[in-house]
Amino acid sequence: MGAAPLVERNLIFVTGKGGVGKTTVAAGLAQMLADQGRTVLGCEIDAKGDLSAAFEVPPSEFVPQRVADGLSLMAMDTEASLREYLKLHLRIPIVGRIGPVAKAFDFLATAAPGVKEILTIGKVCWEVRERHYDTVVVDAPATGHIVSQLSAPQVINDLVKVGLIRSQTDWMSQILGDPDQTGLVIVTTPEEMPVSETLELVAAVEEKTDVDIATIVVNRLLPERFSPRDEAVFDKIGSKKGRAILDDELGGGALPLLEAARLATVLRRSRTQHLDTLRSGLPAGLPLILVPELFSRTDGLRATRQVAVHLGEELL
Amino acid sequence: MPGTSPIENLLASREILVTCGPGGVGKTTTAAALGALAASRLGGRVLVLTVDPARRLADALGLKGIGNEVTEVPAAVFAEAGAPLVGSLSAAMLDTKKSWDDLIARHAPDEETRDRILANPLYQSLTGRFIQSHDYIAMERLYELHATGEWDLIVVDTPPTRNALDFLDAPNRMADFFSSRLLRWLIAPARSGLVNFASKPFTQIADRILGTEFLGDISEFFISMQSMYGGFIERANAVARLMADDRTSFLVVSSSEAVPLREAEFFAEQLAQRDLDLGAVILNKVLPESLTDPAAARSAAALEEGAGRLAGRLATDLKLDEQAVERVLATVAESYTDFAVVAHREASARERLPTQGAPLLTVQRMEGDVADLTGLLEIGRALLAPSP
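Line by line, the protein sequences are chains Z and R. With the working numbering applied, the first sequence has no gaps in its numbers, which climb one by one up to 316 at the end. With the working numbering applied, the second sequence has no gaps in its numbers, which climb one by one up to 388 at the end.
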């Protein structure tokens, strides 16, 4: 494809079905890039505070806050984005009385498709264009919303023939469509629904947007516990006779241990199947990065750092 | 009442159950499981309304597919699963675009208005591409199905919204939207050819940003829609009333992981604030209790320590390779310890979850994917546990 390596791009969108660890991967990626000496802006679109929680800092705001060496965080706010946009570009007298205009705009954003999306995508593209940071990592909306987000400039182009918004969409489209600058990372887990949604999303992104899918991250891969030969041994140990010996030696309590190991094996097996489905369904040449299940106590900074290490091993 | 099952009580007394919660936690499966449970246990005509086009759900219910039209699950599917139907179970999926078109057709004063709206590029973009319209139409379709009076119980799952509660606000937002002064400003110039004083700053800015032509499109669209405003507002208010009605209960569904739990907590709070009834909080994919059993943890430690000695005896008695046995035992201990960390983390998060007084129900992690009615009914039975 000839695109730049992911770590050298300026704008990285991270998306995925709810519950697959999208935010943890976005945080880990931002952390890993900052560790490489790049200046990174992490941008949270949903504004639920999950990205800040991954770094164990207070909920971020629209104005980026520095939270660690080389790393700043912001939360998207379409009204604030509009305010900033009007201030920078419009220079019209109404700016002093932004309240009613913002309200009117909020209303219009509901009526006119793409307006909210363009304010969101416009802000992150602007940060990229102005080179305020080496990389902007966007904790983007979940799979259901990302396509309308990324295709907002085209939608606007289709609907709006003239006007200020129209004049703004060209440079945004240019940044979004440039695989040396922009990449989409789709996070999934090796489970049935996330895999089928990922395959659908890949097709939709390729059909409806110009954004390059840089990589798929398969999160929560379970370790392979037993080789096929060892699994046969495990089955024998789990037999009535084997269990009796274990109970005798351990003073009871063998059953829960064996059950836990069996659960781990069954889960691993079903996840391997789903991973195969994913592999065979993806377009050739699309990289796949595997991140193991962490078995960690929290999903805070420690988990973020562990993910950063795994991503670094795969991407650097 | 100790000993009664909160879920059985809800299934037997409500007309609408709405499952809501973060994405990826099994909302759709839970809704289907509850519908199947009600139909096989309590009787009545039960409908599962889903927004998730999951192929698997259709398969599990023995249907070729689930579409916008209501389809009844064949009784044979229940008989095969060993749970004969007492009532009936049907399923329908929400097709946003089609539901919008139906809504327009129903409210349009004449065919010409209907066709003009359906052909408007703004309308097509609004209904086809943008998720916001999903929220409203889901509630609208629910209202319509309820109003037919054909169903004793409708179990509905909600779209995974950006803002967890968008779907609850959608009817009110839609009503606000159509009665808004701003909307009048927007369409006033196109109607009268004049810009009135109050709307002038707005029109100017909108014009600068969006361009006159697009504003014209918007105006035309809303003028076409205007004949239906009254109907829309009335309907949106009726939908909001139905949600707040005591025939309706909400079920917050989550997993035990930190991020979904935070969202579930937020959901429960918001429902309480809006005076909407939270029937239960349901946590899916819960790990087995034995993983937090201190005795089992001690056994795991003993196994790790004594793997060598144990391997000798097991290998001799079971005629196995000693090295392989030792390797397997060490892995068993390690696997237990790994999962125990997760189980403890999740158990502790569950204990701290405020549920606004609603019962907390758990469903154990299933070993495979839920692929058939037996699987759905298994989940249903897990939910039947009496309140502690």
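Don't take each hint at face value.
Residues from chain Z that face chain R, not an exhaustive set, calculated with beta carbons under 10 Å [what the hints assert, rightly or not]:
no., residue
1, R66
2, G70
3, V162
4, I165
5, E191
6, G242
7, T272
8, R279
9, S280
10, G281
11, G285
For the record, the hints were derived by calculation from the structure and aren't laboratory data. None of these values were measured; they are calculated from a predicted model. Beta carbons are placed, not taken as given, at the ideal position from N, Cα and C, and that holds for glycine.
Going through the hints against the structure:
1. Given hint, Z:R66 at the interface with chain R, is violated; its Cβ is 24 Å from that chain's nearest Cβ, farther than 10 Å.
2. Hint status for Z:G70: violated, given a least beta-carbon distance of 25 Å to chain R, over 10 Å.
3. Of the supplied interface hints, the one on Z:V162 holds, with its beta-carbon coming within about 4 Å of a beta-carbon of chain R, less than 10 Å.
4. Interface restraint check: Z:I165 against chain R, minimum CB-CB distance 5 Å, threshold 10 Å, status holds.
5. Against a cut-off of 10 Å between C-beta atoms, the interface hint on Z:E191 holds, since the closest Cβ of chain R lies about 8 Å away.
6. This hint holds: Z:G242 has a C-beta 6 Å from the nearest C-beta of chain R, less than the 10 Å allowed.
7. The criterion of a C-beta within 10 Å of any C-beta in chain R is not met by Z:T272, whose closest approach is roughly 13 Å, and the hint is violated.
8. Hint on Z:R279 is violated. Least Cβ distance to chain R is approximately 18 Å, over the 10 Å limit.
9. For Z:S280, the interface hint is violated, since its Cβ never comes within 10 Å of a Cβ in chain R; the closest pair sits about 17 Å apart.
10. Interface restraint check for Z:G281: the shortest CB-CB distance to chain R comes to about 14 Å, outside 10 Å, so the restraint is violated.
11. Given hint, Z:G285 at the interface with chain R, is violated; its Cβ is 27 Å from that chain's nearest Cβ, farther than 10 Å.
Hint compliance for this structure: hints 1, 2, 7, 8, 9, 10, 11 are broken, all remaining hints hold.
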